[in-house]
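A.B. asks: Given these sequences and hints, build the entire structure.
If you read the sequences in order, they're chains A and W.
Take the first sequence: its position 168, counted from the start at 1, is 1402 in my numbering, and no numbers get skipped.
Take the second sequence: its position 152, counted from the start at 1, is 159 in my numbering, and no numbers get skipped.
Be aware that a few hints might be false.
What the hints assert, rightly or not - Within a straight-line C-alpha distance of at most 20 Å, the following computed DMTMM-like cross-link-like pairs (lysine to aspartate or glutamate) qualify:
#1 W/K199 to W/D189
#2 W/K199 to A/E1266
#3 W/K199 to W/E183
#4 W/K117 to A/D1410
#5 W/K199 to W/D181
Stated by the list, open to error - Which bits of chain A does chain W cover? Going by a derived footprint, with three or more residues having C-beta under 8 Å, they are:
#6 1282-1288
#7 1317-1327
#8 1367-1380
#9 1536-1548
Just so you know, these hints were derived from the structure itself, not from any lab.
Where is the CB? At the ideal position from N, CA and C, for every residue including glycine.
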Amino acid sequence: MVGSPVTLLADAGKRPVARRGVLSRKWSGILEPYLYVSPAIILIVAVMLMPLVLGLSYAFRDIRILNPFSGGFIGLAHFQTLMQDSAFFQALLNTAWWTFGSLLFQFSLGLILALLLNRHFVGRRLVQALVFLPWAVPTFLSGLNWAWLFNPVVGPLPHWFTALGIMDSPFNILSDPDLAMWGPIVANIWFGIPFFAITLLAALQSIPSDLYEAAAIDGATTRQQFFSITLPFLAPTIAITLMLRTIWIANFADLIVVMTNGGPADSTQIVASYIFTQAFRRLDFGYASAIAAVLLVLLLAYALSVIALRRAMSHSS
Amino acid sequence: MVLSGRSRLGTTVYWATHYLMIAAFVAFALFPLFWLLKVSVTPNDILYTEGVRMWPSRITWDNYAFVLTKSSFPHFFLNSVIVSGSTAFITTIIAAMTGYAFSRFAFRGKVVIIALMLITQMFPLVMLIAPIFRILAPLGLTDSLTGLIIVYTAFNVPFATFLMQSFFDGIPRDLEEAAMIDGNTRFEAFRKIILPLTLPGVAATLGFVFTAAWSELLFALMLVSSESASTFPVGLLSFVSKFSVDFGQMMAAGVLALVPACLFFLLIQRYLVQGLTAGAVKG
Chain A
1235 MVGSPVTLLA
1245 DAGKRPVARR
1255 GVLSRKWSGI
1265 LEPYLYVSPA
1275 IILIVAVMLM
1285 PLVLGLSYAF
1295 RDIRILNPFS
1305 GGFIGLAHFQ
1315 TLMQDSAFFQ
1325 ALLNTAWWTF
1335 GSLLFQFSLG
1345 LILALLLNRH
1355 FVGRRLVQAL
1365 VFLPWAVPTF
1375 LSGLNWAWLF
1385 NPVVGPLPHW
1395 FTALGIMDSP
1405 FNILSDPDLA
1415 MWGPIVANIW
1425 FGIPFFAITL
1435 LAALQSIPSD
1445 LYEAAAIDGA
1455 TTRQQFFSIT
1465 LPFLAPTIAI
1475 TLMLRTIWIA
1485 NFADLIVVMT
1495 NGGPADSTQI
1505 VASYIFTQAF
1515 RRLDFGYASA
1525 IAAVLLVLLL
1535 AYALSVIALR
1545 RAMSHSS
Chain W
8 MVLSGRSRLG
18 TTVYWATHYL
28 MIAAFVAFAL
38 FPLFWLLKVS
48 VTPNDILYTE
58 GVRMWPSRIT
68 WDNYAFVLTK
78 SSFPHFFLNS
88 VIVSGSTAFI
98 TTIIAAMTGY
108 AFSRFAFRGK
118 VVIIALMLIT
128 QMFPLVMLIA
138 PIFRILAPLG
148 LTDSLTGLII
158 VYTAFNVPFA
168 TFLMQSFFDG
178 IPRDLEEAAM
188 IDGNTRFEAF
198 RKIILPLTLP
208 GVAATLGFVF
218 TAAWSELLFA
228 LMLVSSESAS
238 TFPVGLLSFV
248 SKFSVDFGQM
258 MAAGVLALVP
268 ACLFFLLIQR
278 YLVQGLTAGA
288 VKG
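C.D. replies: Dropping the structure here:
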């Protein structure tokens, strides 16, 4: 691709030209990687970074699509409104609940699944394909699917809960403000276990097996092997995936938008779905962007404190 | 004797527990999908009376026939295939170029570019909904499949790049250097030597991006307003809010939405663990 004009120059035959050929070959060698990288850079800058900066500027402007006279600079007015917005603070609490509730079960079940799949057994490959399937299910469909399972008209879950004595009579937990959050959380656990299982399984398979053989020769029990070999090897993967997943789940509004739309009575509204509601239903881009800016700062603070914590821990040990 | 007997019993108990837990995971993973399938083939008149039965006493394909012939779902399906297919194709080409550059070249600004790509993975994409709408609207790219393809491609390029890079990193440099010494240009070496070796990686990336684009809902909801440009998720959701009583038809549509994503996934899931293992070994 890059080589052909260089060869043309060299083919011209005369020495100075050939030397220029060497020079341009050197130049094209320097430029070559940028040529490969440029489409990605252009796309990311145009579709992600520019809108990000633009969005941050919206936070200080009055931008409502339905109001043609909006667009002016209004300073910190959105943030003042936000401080009085009880729905926002409810959404913050809900975000914490949603994130840690989902993460705890996704991670612990994902780890168990990875450990189970790390042993050789009959039918392992089939099992692996089947248990990873929920990850491939489009999220909107997972949301709808679980909403239907919780619906007493077509779903079995309320009837099973009643039979088990957990419920007095079959009802839809998605319409009960106290329980509704469990609906999206269960759907999220279902959808998210494979992610942890895949990454942890990959990490497990990269542990050299002679370590276990040596430990077994030294008389280490399975439990000892787990705590002195497996866990230390997994620790970096666990730390990084937990951090990334926390941020990812906190931002993951699809299941909530599909299953409850934030209701009933905002009981399942998380910050990300609140932003979407403001932008999509009320078309108030300014206020939506102000909430988004606050969310960005909070997530950044979270990421930095986790990194600081890890650094402090690795220094002390 | 006693000891070995006990440990044999222990092994049996271990494997029994092992298989039992595996069975529980498989059941948890498959049951919702099974239920989707079950309701989609249940005739309307026995839907409520046989609500909790594991399989209806008789089945029907009417729901599928309706969805395939009398609804807009085939059109939504086609839109989604176009959007997801184009996104997967373009993203994989761009990611292969970028991942190759990351894997094979040391160049000024590389660290900055990688950091930039990592940052895009951290911030909430929902932040971009409003500004992207405002940027695309005057360009005529809202309510258009092209607009969706551009947005999805940009969103998926960073992750796909890291994925492709890990596949390229697994291929020894000597191979293409030998080919270049033999007089091939770098591009020829790439096409003849590297590309065939990284085909599993290409397949994994294609499948990954296709599935991601197929699932995307929020931007599609925001950017698309007409039925003619609706993707499958948007179509299904508007169907649910309009005719939310017809569970059989909705679930039949849901099963259809599941098909391409699952096919892709079954094709690539083996390479996925391999690729991630390669990445994990690299550090």
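A.B. asks: The structure should be examined with respect to each hint, and the outcome stated for every one.
C.D. replies: We went through each hint and held it up to the structure:
{"no.": "1", "hint": "W/K199 to W/D189", "verdict": "holds (13 Å)"}
{"no.": "2", "hint": "W/K199 to A/E1266", "verdict": "holds (19 Å)"}
{"no.": "3", "hint": "W/K199 to W/E183", "verdict": "holds (9 Å)"}
{"no.": "4", "hint": "W/K117 to A/D1410", "verdict": "violated (51 Å)"}
{"no.": "5", "hint": "W/K199 to W/D181", "verdict": "holds (14 Å)"}
{"no.": "6", "hint": "1282-1288", "verdict": "holds (count 6)"}
{"no.": "7", "hint": "1317-1327", "verdict": "violated (count 0)"}
{"no.": "8", "hint": "1367-1380", "verdict": "holds (count 13)"}
{"no.": "9", "hint": "1536-1548", "verdict": "violated (count 1)"}
In summary, the numbered hints that this structure violates are 4, 7 and 9.
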